[in-house]
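Peer 1: Sequence:
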Amino acid sequence: MNTNAKVDTAEIAALLDEPSARPWWQRRSVWGGVAAVIVLALAAAWWQSGRRAAAAPSYVTEPVQRATLNVTVSADGTLQPTRSVNVGSELSGTVARVLVDVNDTVKKGQVLVELDTAKLRDQIARSRAALATAQASVAQAVATLQEAQANLARLEEVRKLSGGKVPAPTEIDTARAALERARAAEASARAGVSSAQAQLSTDETNLSKASIRSPIDGVVLTRAVDPGNAVAASLQAVTLFTLAEDLRKLELDVNVDETDVGLVAVGQKATFTVGAYLNRRYP
-7 MNTNAKVDTA
3 EIAALLDEPS
13 ARPWWQRRSV
23 WGGVAAVIVL
33 ALAAAWWQSG
43 RRAAAAPSYV
53 TEPVQRATLN
63 VTVSADGTLQ
73 PTRSVNVGSE
83 LSGTVARVLV
93 DVNDTVKKGQ
103 VLVELDTAKL
113 RDQIARSRAA
123 LATAQASVAQ
133 AVATLQEAQA
143 NLARLEEVRK
153 LSGGKVPAPT
163 EIDTARAALE
173 RARAAEASAR
183 AGVSSAQAQL
193 STDETNLSKA
203 SIRSPIDGVV
213 LTRAVDPGNA
223 VAASLQAVTL
233 FTLAEDLRKL
243 ELDVNVDETD
253 VGLVAVGQKA
263 TFTVGAYLNR
273 RYP
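Residue numbers (the working numbering): -7 to 275.
What the hints contain is simulated information worked out from the structure, not anything from laboratory work. C-beta: ideal position from N, C-alpha, C; glycine also. One or more hints might be untrue.
Stated by the list, open to error - The following label-pair restraints were derived from C-beta to C-beta distances:
1. T214 to E106: 11 to 21 Å
2. A67 to N221: 33 to 43 Å
3. R273 to S84: 41 to 51 Å
4. A145 to S203: 53 to 63 Å
5. R175 to V150: 19 to 29 Å
6. A110 to A145: 52 to 62 Å
7. G101 to S180: 34 to 44 Å
8. Q189 to P275: 52 to 62 Å
9. S76 to R175: 13 to 23 Å
10. T214 to A110: 49 to 59 Å
11. T60 to A35: 51 to 61 Å
All chains should be built: construct the whole structure from the sequences, respecting the hints.
Peer 2: The following block contains the structure:
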């Protein structure tokens, strides 16, 4: 019984091929781990190469040709009329009527706006009254002068007939002084008439300026006035309208960047577009 037990134990050990009885390089588990590491390394290498290929830049090539290189300068600008006029008012006052609007065609001398003329007409009435007063003063001064002339002539005639006895020399001197004063009064009265006439003329001119007229034939570009607005011409130059003489001819005002100035020269071809027609080039 004991001999058979020993034989069975040896056979079982041989069948099981216990690891402790074999070297490490002959073990299946070792080579299996090595194979797994190799597979993982190959997979990592393949993945890295795929990333590099995906990240590498792609190029499109073209054959080299000889041609002309066109350098283009772009800039923003504005279209303006070749001639425009700012219309203002020489008078201060209140706007009574505005007779034109933007884009209206106007003729030279056409009334664009009217100011309230009530105060101007009152001033003209006062100036006419002052002129009438001055003219009356002239008539009075002329009558006084004629009276002084007649008085001096009478005294001189009496002195001549009396052989110089009468009137007294002082009386003659007084008459002559009165005559000079009368002449001065007449001159002053006539100067007053001239001044009153000038004032009346100024007031009438101001009345005509209350109707602001177009200085040119053209088109209304801008309007900056409405009925009821106060115009203070004495404080600043007030622009009520901007007129363009001819919109069939315009000029392009462009601000070229400082870095591009050296690329621009007289005679070069230029084209432009406008916001309303972006796909159309002018001229």
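Peer 1: For this structure, which hints from the list above don't hold up?
Peer 2: 9 and 10
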